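Listed in order, the protein sequences are those of chains A and B.
Letter by letter, the first sequence follows residues 1 to 317 in the working numbering.
Letter by letter, the second sequence follows residues 1001 to 1270 in the working numbering.
What the hints contain is simulated information worked out from the structure, not anything from laboratory work.
This structure is a prediction, so every number in the text was calculated from the model and none was measured.
The beta carbon of each residue, even a glycine, is placed where N, CA and C say it ideally should be.
A portion of the hints provided could be inaccurate.
[Unchecked claim] If you want the footprint, here are the derived chain B segments under chain A, 3+ residues with CB under 8 Å:
id : stretch
1  : 1003 to 1012
2  : 1107 to 1115
[Stated by the list, open to error] Residues from chain A shown here face chain B by an in silico Cβ test under 8 Å; the list is partial:
id : residue
3  : Arg61
4  : Arg82
5  : Phe87
6  : Tyr106
7  : Val110
8  : Gly112
9  : Tyr281
10 : Val283
11 : Leu285
For reference, the chains in residue letters:
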Amino acid sequence: MASEHVIETSRLTKVYGRGDKGFTALRDLDLQVRRGEIFGYLGPNGAGKTTTIRMLLDLIRPTRGQASILGLDAHHDSLAIRRRVGFLPGELNLWRNERAIDIVKYQGKVFGSLDMAYVNQLAERFQFDLTKKMRDYSTGNKRKLGLILALMQRQEVVILDEPTSGLDPLMQQNFNNLMREIRDEGRTVFLSSHVLSEVQAICDRVAVLRHGELKAVEQVEKLTHVDFRWVTLKFRDVAGIQHHLETVPGVSDVSTINGDSVRLKLNGEFDPLLRAAVDHYVVDLRVQEPTLEEIFLTFYDDEPAVVNNNRAKEYAS
Amino acid sequence: MTGSVFFETLRRNWRQIIYWGIGLALYALYPFVLLPDSTDGLEGMVELMEMFDSNMLAAVGLADVSAMATPVGIVGYTINFVLLVTAVFAVIAGLNVTSAEEDAGIMDVLLSWPIPRWRLVIEKALAYGVMMIGIAIFMGLGMLIGKQIAPIEVEVTNGLLLSAALSVVPPTLVIMAVTIVVSTVVRRRAMAAAVSGVFVVASFMLDAVANVAGTGFAESVSRFSIFSYYDGFEALASGVDVPVAAMLISLLAVMVAASTVFFHRRDIAV
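Work out the full structure, taking the sequences as your base and the hints as a guide.
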């Protein structure tokens, strides 16, 4: 496998169980992550994100296919990889009776190096007290320690599974800034998430996973510039307009809201819609780009209702 | 870094050496304290025991009641059961090698650090082995103190008392190794604890039944019981049985090696 990519998988597949009871958690994943990018790995719970990450770190073995990090085979060169990769698991569990500082020191001993100044810098940044026992920390604070452990060795690659779950907004902002700094240093971040705003805020590229299958890999900007937007037209008299607009080319999902406005989804150019609306007195016109969540859900053909419901709630409020 | 898991395991568990050590020292001390102050008292005790059913006595390790006619016999009989106590430590230690952290979901973090799986198993097993030796030394010290304060002279050398205490280490570590093997195969802590517990109880029962039967076949079968490899009377009479200890340590090494293979081959549980 070529080593030009920092992370690379080829037909990576994981099936749990055997025979009829077998469950395919990940199917034929072909993925390439480039050096120096923040790569978002997006999908709902159960999509196969954690399974992928655990195979990359050799915690579980693929049923078929292969994976490499930094040109090293994920299984055979696992030890060398783990020396060069920082990791935060999705569900972080640590020794309840140990103090955070002792866990940090333990990791330092295993790696054979410990830069306490950098650890303290990270702790200060996350406003984290290293002196308490694990059992005394909140979920968010445990997450902070997980991030410190994942970042303190300054490895070339950082793999983070749902990194910001449990972090408050201020800490999320700190986290986002830290990830950008890591990218600017030429290091690579592989970040799984189902929090789309997080991915939208910091990732350069994003892969979308659904039911164990890769649905898309795209630049975040490209994903956010898909060819549809939500349009809300407020009329002086809305009677009969909804039916009229439904016939306009490129218009779909038309609905009347608040008794005076029509909300619709527009694909393509504006001109047909404007020509159709020109016979009526338009009080207001608002255009909204689709969120990454909506774009993300367009990959889920069987779940468009979620998009519409969310959008309806947003407008209703 | 080599040794990091070993030293970390010791750092986290050194108090266990003291707690278990004091417990076993007191256990080893108490038969000395309870000794009668004359040989008449010992003979009376033997006569009392002879009134019980011989099969029942054999089942509890007293096939030859006359052994109880000496202070050393009484001490030997009492420490015969120490393996039943150290077996608890062995199962807990065995579970702590992989099962406890895997069951608690900590293994994902630990194995994301550059630690080979085989090293994790071996360094932890070694650390618990060292802890067991420490606990046995405490037990030996308990017997040394007991000898000094006993109301009657106990005719056994200090070296033999320490040897008797150390003799419990190899069979205890074999029980730990069985637990490690089970843990690396079945993954879940509760299951590993249950299987190891059944092994200990079945092993003890097998030894007891073989003692009652006393036939050649039963004696042969009893060799499959780990409890047949620790005899308090023998340990006080002749110290560590080196061939038996060597055999048990070899068995221990094979089982730990096998568990590294099992652990290396399989997925880490979520």
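To see whether the hints hold, each was checked on the structure:
no., hint, verdict
1, 1003 to 1012, "holds (count 5)"
2, 1107 to 1115, "holds (count 8)"
3, Arg61, "6 Å, holds"
4, Arg82, "5 Å, holds"
5, Phe87, "4 Å, holds"
6, Tyr106, "5 Å, holds"
7, Val110, "5 Å, holds"
8, Gly112, "4 Å, holds"
9, Tyr281, "60 Å, violated"
10, Val283, "55 Å, violated"
11, Leu285, "51 Å, violated"
The earlier numbered hints that this structure contradicts are 9, 10 and 11.
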